[in-house]
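With the hints as a guide, dock the two chains, each given alone in a separate frame, to form the complex.
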Amino acid sequence: MGRSPRWLRLLVILYVGALIGVPLVFVFQRAFVHGAGALWSALHDSSMDAAIGLTIRVVLVALPVNTIVGVGAALWIVRRPSWVSRLVDRVIDVPLAISPIIIGLMLELAYNQSGWLGRPLAALGLTVLFSYPGIVLACMFVSLPLVTRQLIPLLREIGSHQEQTAASLGAGPVRIFLTITMRSILWATAYGVSLTLARVLGEYGAVLIVSGNITNLTQTLTLNIGANFESYNAYQGFVGAGVLATTSVVILLLLGVARHRERKRHEHLA
Amino acid sequence: MLDTVSPPPSSATQPPRKGWLLWPFQTLARRTSQGVAVTFYSLVVLIPLAALFSSAFTHGWGFFWKAATAKEALAAYRLTITCSLLAALTNAVAGLGTAWVLVRDTFRGKAILNALIDLPFALPTVVAGVTFYTLYGPKSPVHLTLTGTWTGITVAIVFVTLPFTVRSVQPVIETMTFNAEAAAATLGASPWRVFRTITLPTLLPAILTGTGLAFARAMGEYGSVVFVSNNLPFRTEVASSYIYSLASAGDPVGAAATAVTMLVMALVVLIAVSVASRRLVKGS
Chain A
0 MGRSPRWLRL LVILYVGALI GVPLVFVFQR AFVHGAGALW SALHDSSMDA AIGLTIRVVL
60 VALPVNTIVG VGAALWIVRR PSWVSRLVDR VIDVPLAISP IIIGLMLELA YNQSGWLGRP
120 LAALGLTVLF SYPGIVLACM FVSLPLVTRQ LIPLLREIGS HQEQTAASLG AGPVRIFLTI
180 TMRSILWATA YGVSLTLARV LGEYGAVLIV SGNITNLTQT LTLNIGANFE SYNAYQGFVG
240 AGVLATTSVV ILLLLGVARH RERKRHEHLA
Chain B
0 MLDTVSPPPS SATQPPRKGW LLWPFQTLAR RTSQGVAVTF YSLVVLIPLA ALFSSAFTHG
60 WGFFWKAATA KEALAAYRLT ITCSLLAALT NAVAGLGTAW VLVRDTFRGK AILNALIDLP
120 FALPTVVAGV TFYTLYGPKS PVHLTLTGTW TGITVAIVFV TLPFTVRSVQ PVIETMTFNA
180 EAAAATLGAS PWRVFRTITL PTLLPAILTG TGLAFARAMG EYGSVVFVSN NLPFRTEVAS
240 SYIYSLASAG DPVGAAATAV TMLVMALVVL IAVSVASRRL VKGS
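Protein sequence lines, in the order shown, are assigned to chains A and B.
The letter at position 66 of the first sequence is residue 65 when you use numbering that gives the first Met the number 0, and the numbering goes up by one with no holes.
The letter at position 66 of the second sequence is residue 65 when you use numbering that gives the first Met the number 0, and the numbering goes up by one with no holes.
Read the hints as simulated data drawn from the structure, not as lab findings.
Among these hints, one or two may not hold up.
What the hints assert, rightly or not - Quick look at which bits of chain B chain A covers, simulated, 3 or more residues with Cβ under 8 Å:
#1 23-36
#2 41-52
#3 90-100
#4 233-243
#5 259-266
As the list claims (entries may be wrong) - Derived contacts from chain A toward chain B, CB cut-off under 8 Å, selection only:
#6 Leu-10
#7 Leu-18
#8 Ile-97
#9 Phe-140
#10 Ile-208
From the three backbone atoms N, C-alpha and C, an ideal C-beta is built for every residue, glycine too.
Only chain B is shown next, with the shape it has when bound in the complex (with noise of 0.2 Å):
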């Protein structure tokens, strides 16, 4: 397209080009916007994450490593980790059932289900939280007690990251043609021998994706879970929950080895993911 446009004639009577007398402020205004850039970013991220780091070290290593693996520390990441896994393997099977029917399936009202499917991402964790306690707490009215309980603790998560695998499948199914799949049942594959040689392989990455924010996000849990999970040390005490406890009793050193800890196990995973899926990208 481009090339296309033809240059404005120049000729001797055509005055000079307005933009040139404006060009300093110009560059003024984009060297200032990167600096005012670089500021905010440093204020709201970069120094307070650095400041994390280093109050975790403050008392040096031998110090963060006895925070960071002290047993309440300990039992709070098997916790939190086991209800994570648990959560994310549950939305990875129903998130990709529900991602197929919302785009392979016609019914009355499922713009509903469509819409619906955003409100953890909508509603405050705190609104979830009350609600779940009250819903499926002592005075439940559905007679299904399960706060105090790891059960609860994972329901109250597969809720706040439900839509993660959704969101990551649906568009990948829309994009899929039927051929492939067509061509297998003609030939007399089963639908479950399509499903698990054509559909499946093709939809993985996205689902590792979906799976992996959803394990991350899982993680670092704290409104939705807190109120379910009645939150008795060593039992049924999340990580988020144990950090908070040493932050406001005072230790913020290992609040802040513990939150490294958390931290870095976040990233891992969000950093395995992201190979994991590019690899099977590449691979197929």
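With the rest of the complex left out, here is chain A (with noise of 0.2 Å):
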């Protein structure tokens, strides 16, 4: 009884199989159609090696810094309660909901010559839009709430009595988030920047528009194969998609550690 019936479960696999595990074998057999020789040259292919070099320091900028902004969000919300944290805390997910185009649209008004940001940014001599910064902020922006979303809940759960009795022992705050803290956050963590991590990888959208899409020099990853598929070079884009769909492989691997470890810590307390 409660048993899930066998033809249940033929039908689940047949779904996910056709639908998710159709599309990523194709994507690797169209990467390897032309043989190893071309995918070698393929991938030394200078502007999709100047778009692999920018999606790289886009992600050492974007990812450590929505991952601090992400733990202390959610330590903020849960541990110092307010009006202002409590209405955050509804809104968090907000970005996630905000369409990507969007999401670019918002950061151009805001950015441009005449925008509200751009125009005191242009008098000191910075420009947003159409370069690195502009396309930094728009991962950060998709991305905001990833960390948080995992922490609030989990640290709601564990409460602060451990480190309450560290500070009444004589620990400074520091070593409190670090030995204490930390220690039971980390896996949630980790999965919250493995999901930072393929949004930042992969955003298409905001970054098509904050961007300007120039090839060499503001053009990521996502937009060369989008840029080499409408320009019928579509075995180019595959070798890109390629790239890409290795890393979120990775990325899913990351998540089932992080997941399996979390879960592990939680069994261990129970």
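Below you can see the structure in the form of structure tokens.
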């Protein structure tokens, strides 16, 4: 009783296999379709390599910033309740519900030459749109809540008894954070960071508007794939897609490890 | 626990508490970090959001309404809402079945199936887009041409939103006990009746939450849809694609007006879903 019938198992495997498994295998098949030699030279395409370099430089800034902000925001929402933090808690998920195209449009309107933020920055000699800072900004916006929303329920659950005990025994805030708080939220944070990494690597719509999509200059890997595909260079596009599909399989593994470890930690406590 | 910790013995020889000298610096650090956080959120989210609303109403309410209800915009809303709804409902049913199998069934390769569910979160939308275009395009290797059709758009959205229902229902099935189901079955209820009267009501709030999130995400989808749809104005152009075409054609006010309309619709859906699932939880 309560088990699942065999036909349902088959149906689910077929559904997930056809919808997710087939496209994943297909990307790799297309990248290898002309053999290893062609793949090797396509991997050394200069504009794709420039795009990969830019994408890595975006990740190097957006990922640490969003991790620190995400952990800080979760601690602030759970540990310092006020009407402001309750309001933030309510709207924290909003960036996930906004279309990436609309996020790109928002940033463009705020940061263009006559925008509220673009004009004063231009007076200081700083440009955000159609350059590296704009791309970083777009990637941070789309992935902003991913760490926080993993941590909020966890922090509520574990409470702050251990931290209070440590404080009463004379531990400083930094020591408490490193030895107690961080230890219990480590794997949930890793899960959120992996999701952030996926979102930053894969962002397309918002970056498309904000970056200007200039080959070799402001073209991220996702934009490079789209551009190759639109200029009837589908093979090169699929090589780029294969690179990103590989990173997403790695991210899936990271997510799996993080979920497993978090469950182990949870069972250990229970 | 806290009560059992005895306070440190105070005696005349003990030096004063180490922290008191640092106190002003700690307050300063706290104030600074709050300031940095507020500035950060303002620069990244709040001011751009305000700029969008301000731009949408630059030329007044009349211009906003005209841009938001232009014929091409209405066609785009209709397409986007229809396909998103179809995709969300498909995944409500399929996601429930998938979550059920993942929790209550055991077979070899289940871990792989479980991991694959998250792929749409990990795979860039543009990769999904070009893959679907090639897989179901004019030269389809599986002899199935879906590009330029509503079906193709719906399939792309179903792919992207697949994890939402599964991941919101799965934990609830894990915590469900067999007792009520077993009791009903002992009393002679058919499996279908057990499912309808016991299982489904328990899972309904989670299904609703997952479906609502999937629908909101689907309404804004761009990368995975834009290649498959062929982008024909009035026929296969989704809302985000229409907004992009307005923005790149030098009509930021029209783009902002359409964007505000879509944003309000997505928020209404999310709020409605959150209120409804809270009611359901209270009711049961």
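Here's how the hints hold up against the structure:
1. 23-36: It holds, with 3 qualifying residues against the three required.
2. 41-52: holds (count 9)
3. 90-100: holds (count 5)
4. 233-243: holds (count 5)
5. 259-266: holds (count 4)
6. Leu-10: holds, 7 Å
7. Leu-18: With a closest approach of 6 Å, the Leu-18 of chain A hint holds.
8. Ile-97: Hint holds; Ile-97 of chain A Cβ to chain B Cβ min 6 Å, cut 8 Å.
9. Phe-140: Status holds, d = 5 Å.
10. Ile-208: Where the cut-off is 8 Å and the nearest Cβ of chain B is about 6 Å from Ile-208 of chain A, the hint holds.
Every hint, counting from the list given before, is met by this structure.
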